[in-house]
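Generate the whole structure from the sequences, applying the supplied hints.
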Amino acid sequence: MQDPIANVLDDLLKLDDILACMVARRNMISVMPTDSTDSFKPEINQVWDIIKRAMDDVFMVIGEYSQTGLGEMDFRLQDYEVLFYVFPDTENALVAIVPALANKGLIAVEMENSRREICKIMDENEKEKMTVPA
Amino acid sequence: MESGLEACLGMSRKWDAREAGREVAKSSILNLNEPPKFFLLFSTIHYEADGGFQELLKGVWDVLPKGTPLIGGTVAGFLNNYGCYTRGVTALAVSCPGMDVAIGFGNNTKRNPKKAVKKSVSMIKNGLSNSRYKNKFLLNFVSGASVMKIPGQGYTRVVDSGFMSKFIMQAFGISQYLLQKGVGREDEIFEETANKLPDYHMILGTSIDDHKGINNYQFYNDHVLTNAVVNLGIATDMDLDVCTTHGMKQSDVHFKITKLSRNKHIIKEINHKPARQELSDILDWPKDFLNDKTMTHTIIYYPISLKRHGREVPVVMPFILKDSIMTPCVIDDGEVSILTVSGDKIIEALDKNLQSFQNFTPAFGLCSTCMTILDTLGNQINIVRDKTSSFFKDTPFLMIFCAGEGTYSPRKEITYANMSFNISAFGKQRQLF
Numbered sequence: 014m015q016d017p018i019a020n021v022l023d024d025l026l027k028l029d030d031i032l033a034c035m036v037a038r039r040n041m042i043s044v045m046p047t048d049s050t051d052s053f054k055p056e057i058n059q060v061w062d063i064i065k066r067a068m069d070d071v072f073m074v075i076g077e078y079s080q081t082g083l084g085e086m087d088f089r090l091q092d093y094e095v096l097f098y099v100f101p102d103t104e105n106a107l108v109a110i111v112p113a114l115a116n117k118g119l120i121a122v123e124m125e126n127s128r129r130e131i132c133k134i135m136d137e138n139e140k141e142k143m144t145v146p147a
Numbered sequence: 010m011e012s013g014l015e016a017c018l019g020m021s022r023k024w025d026a027r028e029a030g031r032e033v034a035k036s037s038i039l040n041l042n043e044p045p046k047f048f049l050l051f052s053t054i055h056y057e058a059d060g061g062f063q064e065l066l067k068g069v070w071d072v073l074p075k076g077t078p079l080i081g082g083t084v085a086g087f088l089n090n091y092g093c094y095t096r097g098v099t100a101l102a103v104s105c106p107g108m109d110v111a112i113g114f115g116n117n118t119k120r121n122p123k124k125a126v127k128k129s130v131s132m133i134k135n136g137l138s139n140s141r142y143k144n145k146f147l148l149n150f151v152s153g154a155s156v157m158k159i160p161g162q163g164y165t166r167v168v169d170s171g172f173m174s175k176f177i178m179q180a181f182g183i184s185q186y187l188l189q190k191g192v193g194r195e196d197e198i199f200e201e202t203a204n205k206l207p208d209y210h211m212i213l214g215t216s217i218d219d220h221k222g223i224n225n226y227q228f229y230n231d232h233v234l235t236n237a238v239v240n241l242g243i244a245t246d247m248d249l250d251v252c253t254t255h256g257m258k259q260s261d262v263h264f265k266i267t268k269l270s271r272n273k274h275i276i277k278e279i280n281h282k283p284a285r286q287e288l289s290d291i292l293d294w295p296k297d298f299l300n301d302k303t304m305t306h307t308i309i310y311y312p313i314s315l316k317r318h319g320r321e322v323p324v325v326m327p328f329i330l331k332d333s334i335m336t337p338c339v340i341d342d343g344e345v346s347i348l349t350v351s352g353d354k355i356i357e358a359l360d361k362n363l364q365s366f367q368n369f370t371p372a373f374g375l376c377s378t379c380m381t382i383l384d385t386l387g388n389q390i391n392i393v394r395d396k397t398s399s400f401f402k403d404t405p406f407l408m409i410f411c412a413g414e415g416t417y418s419p420r421k422e423i424t425y426a427n428m429s430f431n432i433s434a435f436g437k438q439r440q441l442f
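The listed protein sequences correspond, in order, to chains W and Z. Just add 13 to the spot in the first sequence (first one is 1) and you have my numbering. Just add 9 to the spot in the second sequence (first one is 1) and you have my numbering.
Treat the hints as calculated values from the structure; they're not laboratory data. Since the model is a prediction, treat every value here as computed from it, not as a measurement. One or more of the hints may lead you astray.
[To be verified] Derived DEER-like restraints, expressed as beta-carbon distance ranges: (1) N280(Z) x S52(W): 51 to 57 angstroms; (2) K402(Z) x Q59(W): 33 to 39 angstroms; (3) E139(W) x Y91(Z): 22 to 28 angstroms; (4) D395(Z) x T47(W): 30 to 36 angstroms; (5) D403(Z) x D87(W): 34 to 40 angstroms; (6) D353(Z) x E139(W): 34 to 40 angstroms; (7) N121(Z) x E137(W): 43 to 49 angstroms; (8) T47(W) x K258(Z): 44 to 50 angstroms; (9) E137(W) x H232(Z): 42 to 48 angstroms; (10) N121(Z) x S52(W): 45 to 51 angstroms.
Every residue, glycine too, gets a C-beta built ideally from N, C-alpha and C.
Here's what the structure looks like:
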């Protein structure tokens with residue numbers, strides 16, 4: 014059965030300016046799009062390793078401040094920007110890599126929609142877990 | 010609603026154009042007991058690549074009752090009762106016994122805006138000539154600016170080459186006439202339309218893609234048009250009103266536009282010096298700070314308060330041509346000032362606009378706003394949606410993100426602005442004692 018969060022990522026990745034996206038936390042990518050890194054735009058391959066290392070450092074900050082209302086972070090590395098949309102009160106974030114010159118305003122709206130959808134799925138999963146008898 | 014009005018908002022986020030068309034039409038008319046009097050359809054540019062807009066319209070007409078007047082086009086995004094989106098398609102369908110509707114269109118808006126207005130307005134006048142309803146409304150939706158592809162640079166907002174800038178400025182008229190590439194001329198179209206229909210309340214929206222300014226499309230029944238104006242005219246017994254507000258504040262930075270191009274679209278000199286460098290100096294920006302990379306993060310936060318026929322026209326400067334600055338509308342020379350804008354001021358402008366409708370019970374609303382507001386607020390645009398939603402409550406509303414917008418009403422002067430909120434509401438004006 015397909016992971017509904019992966020479906021949300023698949024949808025996000027269809028936007029031209031989303032070069033890669035995932036749900037992640039420090040040192041761990043929790044959910045990838047259905048085709049894993051194969052569905053990332055090829056241009057990302059050359060910078061993926063360095064971006065991933067930088068991401069882990071950002072997740073240290075997210076881990077530190079997510080409980081105090083840290084909502085979004087981003088950094089620019091070479092010709093790319095990495096956007097982090099933190100799931101409230103967790104150390105997890107929806108992460109997207111976009112071209113540095115992309116219109117971030119338009120992307121931010123769809124990132125927010127995806128964050129909300131994923132939060133809803135997470136909540137439903139949580140509720141299901143609570144109702145399943147041991 | 011006691012008038013028998015039914016309004017319903019639909020949308021689709023499907024990627025396939027045909028399926029999205031079907032879904033948006035189905036969800037828009039689902040709760041209507043009567044066939045819609047009109048159908049407004051707005052889409053993001055994405056269907057250009059995922060089946061095309063003709064397929065989107067085919068999908069709509071698979072479901073929509075034949076003969077329903079339909080207009081619309083591409084926008085940078087939209088917000089409505091469901092949320093905020095920069096991908097997808099939305100529609101507003103309205104049925105109402107106390108309402109007459111006509112639609113019109115005119116082609117070649119960039120080449121000959123007056124001719125396009127003449128045709129589109131005459132279709133509205135003819136269509137509503139026998140209406141007995143006194144309150145009149147017009148949605149004026151115009152093809153927006155489209156950028157020329159610069160050899161060696163592609164699609165860009167800053168042209169640094171002196172030769173190429175000179176060529177573009179000299180070819181501006183030719184390009185506008187032959188290729189219909191360049192500014193949208195929506196300000197001229199709106200002004201001409203208001204002159205021809207002075208007793209209408211009007212709202213202006215401008216068609217655009219995802220802010221790249223490469224292609225935009227307009228919809229007229231089952232036709233996909235380019236470089237066109239499409240109008241929706243309504244005569245009704247309902248109350249209606251329109252209002253424009255913007256959050257731009259005058260700064261103490263003033264300067265004088267001393268040289269304009271012949272078509273009054275390009276600022277060549279400020280204070281008798283080349284416009285681009287002088288603007289940078291006035292704003293204390295480092296040399297070469299204004300480039301393609303910084304453009305969207307800098308200049309849009311420094312709109313200028315231009316003048317046209319004595320009216321204030323607050324606009325964002327969209328293109329730099331070597332030493333000159335292109336404006337989105339026709340302007341006059343003389344003393345102008347730099348404006349500043351912030352997220353807070355934008356939200357205040359929305360509050361002020363909604364406040365003007367405080368004695369109004371809305372039945373549905375149609376709003377246009379600027380895509381640069383999306384750039385500024387990003388995902389915080391949900392604040393705009395939440396505030397608009399608390400005004401319209403359960404009644405359908407639709408706000409489209411455009412590239413130039415405005416309103417006109419017989420009581421207020423015409424307003425054309427960037428970074429503004431333009432709200433039209435239909436319903437019942439509460440009587441004040």
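Against the structure, the hints:
1. N280(Z) x S52(W): 51 to 57 angstroms: holds (53 angstroms)
2. K402(Z) x Q59(W): 33 to 39 angstroms: Violated: the Cβ-Cβ distance is about 51 angstroms, outside 33 to 39 angstroms.
3. E139(W) x Y91(Z): 22 to 28 angstroms: About 24 angstroms separates the Cβ atoms of E139(W) and Y91(Z), which means 22 to 28 angstroms holds.
4. D395(Z) x T47(W): 30 to 36 angstroms: Check passed, 33 angstroms falls within 30 to 36 angstroms.
5. D403(Z) x D87(W): 34 to 40 angstroms: holds (36 angstroms)
6. D353(Z) x E139(W): 34 to 40 angstroms: Because 36 angstroms falls inside the window, the suggested range holds.
7. N121(Z) x E137(W): 43 to 49 angstroms: violated (56 angstroms)
8. T47(W) x K258(Z): 44 to 50 angstroms: Holds - the Cβ-Cβ distance for T47(W) and K258(Z), about 48 angstroms, lies within 44 to 50 angstroms.
9. E137(W) x H232(Z): 42 to 48 angstroms: holds (43 angstroms)
10. N121(Z) x S52(W): 45 to 51 angstroms: holds (47 angstroms)
Comparing the model with each earlier hint shows violations of hints 2 and 7; every other hint is respected.
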